[in-house]
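Participant: One-letter residues, chain by chain:
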Amino acid sequence: MQSTLFHRAAAGLTSLMISGMTFASDWTERSDLDLRPGVTQVSQEVQNLHTTVLWIVTVIGLLVCGLILFSMIRHRRSKNPNPSTFHENVFFEVLWTVIPFVILIAMAVPATRVLVQLDDTAESELTVKVTGYRWKWSYEYLTYEDDNDIGVSFFSNLATPPEQYNNPVLSGGLFPYGTAKDLVGKDAPEKDHNYNLEVDNKLIIPSGQKVRFLVTSDDVIHSFWVPDFGGKKDAIPGFVNETWALVPEGKEGTYYGQCAELCGKNHAFMPIAVEVVTQDEFKTWIAEEKEKAASGPDLTPFAGIDQALEEGKQVYDSACALCHGANGEGGIGLAFAGTEFATKKEHLNEHIDVLVNGRAAMPSFKAQLTPRQIAAVITYERNAFGNDTGDLIQPADVNDHE
Amino acid sequence: MSTAAATHDDHHDHHHAPTGLKRWLFSTNHKDIGTLYLWFSFAMFLSGGFLAMVIRAELLEPGMQFVDPEFFNQMTTVHGLVMVFGAVMPATVGLANWMIPLMIGAPDMALPRMNNWSFWILPFAFTILIGSVVMSAFGAGNPSAPNFGWTFYAPLSTKYGPASTDLFILSVHMMGISSIMGAINVVVTVFNMRAPGMTLMKMPLFVWTWLITAFLLIAVIPVLAGAVTMMLTDRHFGTSFFDAAGGGDPVLFQHVFWFFGHPEVYIMILPSFGIVSAIIPAFARKPLFGYASMVYATASIALLSFVVWAHHMFTVGMPLAGTLFFMYMTMLISVPTGVKVFNWVATMWRGSMTFELPMKWAIAFVVLFTCGGLSGLMLAITPVDFQYHDTYFVVAHFHYVLVTGAIFSIFAAAYYWLPKWSGIMPNKTLGELHFWNSLISANLLFFPMHFVGLAGMPRRYADYALQFADYNFWISIGGFWFGLSQLLFLAVTVLCAMKKGEKAPAKPWEGAEGLEWEVPSPAPFHTYDTPPVVK
Numbered sequence: 001m002q003s004t005l006f007h008r009a010a011a012g013l014t015s016l017m018i019s020g021m022t023f024a025s026d027w028t029e030r031s032d033l034d035l036r037p038g039v040t041q042v043s044q045e046v047q048n049l050h051t052t053v054l055w056i057v058t059v060i061g062l063l064v065c066g067l068i069l070f071s072m073i074r075h076r077r078s079k080n081p082n083p084s085t086f087h088e089n090v091f092f093e094v095l096w097t098v099i100p101f102v103i104l105i106a107m108a109v110p111a112t113r114v115l116v117q118l119d120d121t122a123e124s125e126l127t128v129k130v131t132g133y134r135w136k137w138s139y140e141y142l143t144y145e146d147d148n149d150i151g152v153s154f155f156s157n158l159a160t161p162p163e164q165y166n167n168p169v170l171s172g173g174l175f176p177y178g179t180a181k182d183l184v185g186k187d188a189p190e191k192d193h194n195y196n197l198e199v200d201n202k203l204i205i206p207s208g209q210k211v212r213f214l215v216t217s218d219d220v221i222h223s224f225w226v227p228d229f230g231g232k233k234d235a236i237p238g239f240v241n242e243t244w245a246l247v248p249e250g251k252e253g254t255y256y257g258q259c260a261e262l263c264g265k266n267h268a269f270m271p272i273a274v275e276v277v278t279q280d281e282f283k284t285w286i287a288e289e290k291e292k293a294a295s296g297p298d299l300t301p302f303a304g305i306d307q308a309l310e311e312g313k314q315v316y317d318s319a320c321a322l323c324h325g326a327n328g329e330g331g332i333g334l335a336f337a338g339t340e341f342a343t344k345k346e347h348l349n350e351h352i353d354v355l356v357n358g359r360a361a362m363p364s365f366k367a368q369l370t371p372r373q374i375a376a377v378i379t380y381e382r383n384a385f386g387n388d389t390g391d392l393i394q395p396a397d398v399n400d401h402e
Numbered sequence: 001m002s003t004a005a006a007t008h009d010d011h012h013d014h015h016h017a018p019t020g021l022k023r024w025l026f027s028t029n030h031k032d033i034g035t036l037y038l039w040f041s042f043a044m045f046l047s048g049g050f051l052a053m054v055i056r057a058e059l060l061e062p063g064m065q066f067v068d069p070e071f072f073n074q075m076t077t078v079h080g081l082v083m084v085f086g087a088v089m090p091a092t093v094g095l096a097n098w099m100i101p102l103m104i105g106a107p108d109m110a111l112p113r114m115n116n117w118s119f120w121i122l123p124f125a126f127t128i129l130i131g132s133v134v135m136s137a138f139g140a141g142n143p144s145a146p147n148f149g150w151t152f153y154a155p156l157s158t159k160y161g162p163a164s165t166d167l168f169i170l171s172v173h174m175m176g177i178s179s180i181m182g183a184i185n186v187v188v189t190v191f192n193m194r195a196p197g198m199t200l201m202k203m204p205l206f207v208w209t210w211l212i213t214a215f216l217l218i219a220v221i222p223v224l225a226g227a228v229t230m231m232l233t234d235r236h237f238g239t240s241f242f243d244a245a246g247g248g249d250p251v252l253f254q255h256v257f258w259f260f261g262h263p264e265v266y267i268m269i270l271p272s273f274g275i276v277s278a279i280i281p282a283f284a285r286k287p288l289f290g291y292a293s294m295v296y297a298t299a300s301i302a303l304l305s306f307v308v309w310a311h312h313m314f315t316v317g318m319p320l321a322g323t324l325f326f327m328y329m330t331m332l333i334s335v336p337t338g339v340k341v342f343n344w345v346a347t348m349w350r351g352s353m354t355f356e357l358p359m360k361w362a363i364a365f366v367v368l369f370t371c372g373g374l375s376g377l378m379l380a381i382t383p384v385d386f387q388y389h390d391t392y393f394v395v396a397h398f399h400y401v402l403v404t405g406a407i408f409s410i411f412a413a414a415y416y417w418l419p420k421w422s423g424i425m426p427n428k429t430l431g432e433l434h435f436w437n438s439l440i441s442a443n444l445l446f447f448p449m450h451f452v453g454l455a456g457m458p459r460r461y462a463d464y465a466l467q468f469a470d471y472n473f474w475i476s477i478g479g480f481w482f483g484l485s486q487l488l489f490l491a492v493t494v495l496c497a498m499k500k501g502e503k504a505p506a507k508p509w510e511g512a513e514g515l516e517w518e519v520p521s522p523a524p525f526h527t528y529d530t531p532p533v534v535k
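Chains as they are written, first to last, in our numbering: chain A, 1 to 402; chain B, 1 to 535.
No lab work stands behind these hints: they were computed from the structure.
Small disclaimer: the values here were computed from a predicted structure and weren't measured.
Take the hints with a grain of salt, since some may be wrong.
Below are the DSSO-like pairs computed for lysine-lysine, each with C-alpha atoms no more than 30 Å apart in a straight line [claimed, not checked]:
no., chain 1, residue 1, chain 2, residue 2
1, A, K344, A, K283
2, A, K79, A, K210
3, B, K159, A, K366
4, B, K507, A, K79
5, A, K290, A, K251
6, A, K79, B, K428
7, B, K507, A, K129
8, A, K210, A, K313
Calculated Cβ distances over 10 Å to all of chain A for the following chain B residues [unchecked claim]:
no., residue
9, F66
10, G456
11, A462
Even glycine gets a Cβ: it sits at the ideal position worked out from N, Cα and C.
Work out the full structure, taking the sequences as your base and the hints as a guide.
Facilitator: Here it is in structure tokens:
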């Protein structure tokens, strides 16, 4: 711990000195001192407006501080033993009411112009419905060009493995993360470059076409924010908000964002990752996805339990660990490690049912996961964390479950 | 009636002040109640600061090291509530209790028993609130304390709120009753108990700003009470004010909350304007510049504060026209605020300044509050606010106006009036250490928050992406430093309370003006039984 702190101090001091001078092209590179210009025309206009306003307030601030400093030096008692007695001056009082007013109008004009532009969601070519969930996003492709019946949708979960962010230093203290006590004192794995930003399924959109996002929520208020697209919009249950982005051609790449409205425990763990591809790539991708969606679920049986366990661990870490604990120790959700529910044969059918249909606070995962994923994760939960039932659940078992 | 009053007066025994616990529990004396308020708010300041230390420890490095994200959310929530309702507001009420009667030449507050009650509600209200944190800490996060942010947005606080939300609602109601009673007391005192000749436009600016604050409190605290009552009925009695599934509207909650919440911001800062307007002329040895325009600027800020609330919710998807209205109104509020800053600078101009401790804090206030005000102007520009909203840029802004603004001015007031309260001059060495450590550490703590905010770090995050790590490390170091520095102030006040240190004369500051300096230091238990005549 000490060496890390020291290291952090040294690295921090260096970066404080140099970071102001470099503008990173990738959001996950060093943080800038200033607002990011982003990739869309609107985000760049927003950044210009920010720069203008920042200069105005900096000049005003320096002027005020300069006057105070000058006065503190020149109008000290040792320099100016006899204070003046003036206490009003109509000319100056009118002056410093009128001048700020004029400056405000000068700022309000461009601000109004950019605001009107941001508000215009008309003539979009792709419409994606973005839904916030505790604590993940789902993306549903509604219309693209002339196609009004796409039927492609998926969920997007944090992909950073829990061992990277669970680094408790208090053993048996009052508040270690969940009850992951066996992690205390262990060396945490090195954090990925895109720590807390990477997701399993990225939102894919084409470049050079206006994309309209319909933003809503399934539970509490979230906020959909990709800084490089120039702003955020709240996801409110029962309401649909609109926002849009047009990433120019040549700016393909991955852009990251985060939930920006407090939504509960894992507010900091529901990032957004948008992959911008060319229109050709997008058309190929959406056609493939449509076909997959039309052909029904993949019900190929697992070759053996090892294959199911491997796929199951991935699903568990991204979809279950946040509530049920990285090691099945429980948390918001119930525990699996050594519990009757996850080890006794008579609970197997119930186990499948809870995932497919949900129960109380546990949501149904029928829409979020494929039958293959559900089968894999149930197999994993019954054969990991010290559990050893040998149960192998096949995709068809899940698909047949009502 | 008059006979009864006369008899009552005869019973008044000036030489037998009550002693021991009874003196404090049953006090109807504005000075004792003021002292209670001030000690209480300082205790809350240290408690809320302790919660902030937990937050900063967790954010020192990326990854979850000390607390669960669930407990982290409880820390941010209760830190905010304790600081707003427990530290800043009671501190200014304490100052009002002590100073308003002395400043207007009144023997006491107009409603002394209500004064007692409005204070003694507070310890119970905060025991309920902080009790839920203690239970949560010892139950390792279960049951949970309030965890939905100090703004308690629905439906996170209604449908999804923990069981302790009901304790929170009760506690907010109690704080609200206390604030309303305190405010009514100030209004009644100022309108009825001024000494002969003390016309409204002769009142010290601190009295003016508090009078306006009191009207704000009376206007908006009932709105807060309405919001939490609607939460309560949504949670338990089947209503759907804030639940879209039942025909309600989660955004309605935000409108109601911020209709209280924005004037609340001015409730916390207007008394500071009054404090600084007393201190700067005293140490510049020159009358306050533009007294009348200060009064009018305060009143216009208060009025405008009722029509800017939706600037806290630009991203909820309001219609364009509504958004524009709130943007223009918010920008407009910077005009009267600017007038105040320019007036303070003009008061210093060609004065004969010395820099004793109160003046140091007051100048730090003017500079750093201006910094917070200017970032507020940036936040008013809606299209850019879409980027700033709910990031650390906002956290930087409101800590500049509330910590280096409101709290610095409260320190200024304490150093300025401690000689009057205790009869002892605050220890200079400790005071200087307290000032310089606080000034430097507060800027190390809050200034880099602008940068992480602009770089894109959302607020209320228990863990963050790696590019924010270096700034957060320094912010945390600044936080621990600022927190520890406040213990110096504890030492200063304890020394004064124990009567250790240089004796203070009736008027310890050469250039100070006002009736409070005409009574001895420490101020006797009863003052101005016979009203002074103001020319």
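Participant: To test your reading of the hints: which numbers does this structure violate?
Facilitator: 1, 2, 7, 8, 9, 10 and 11
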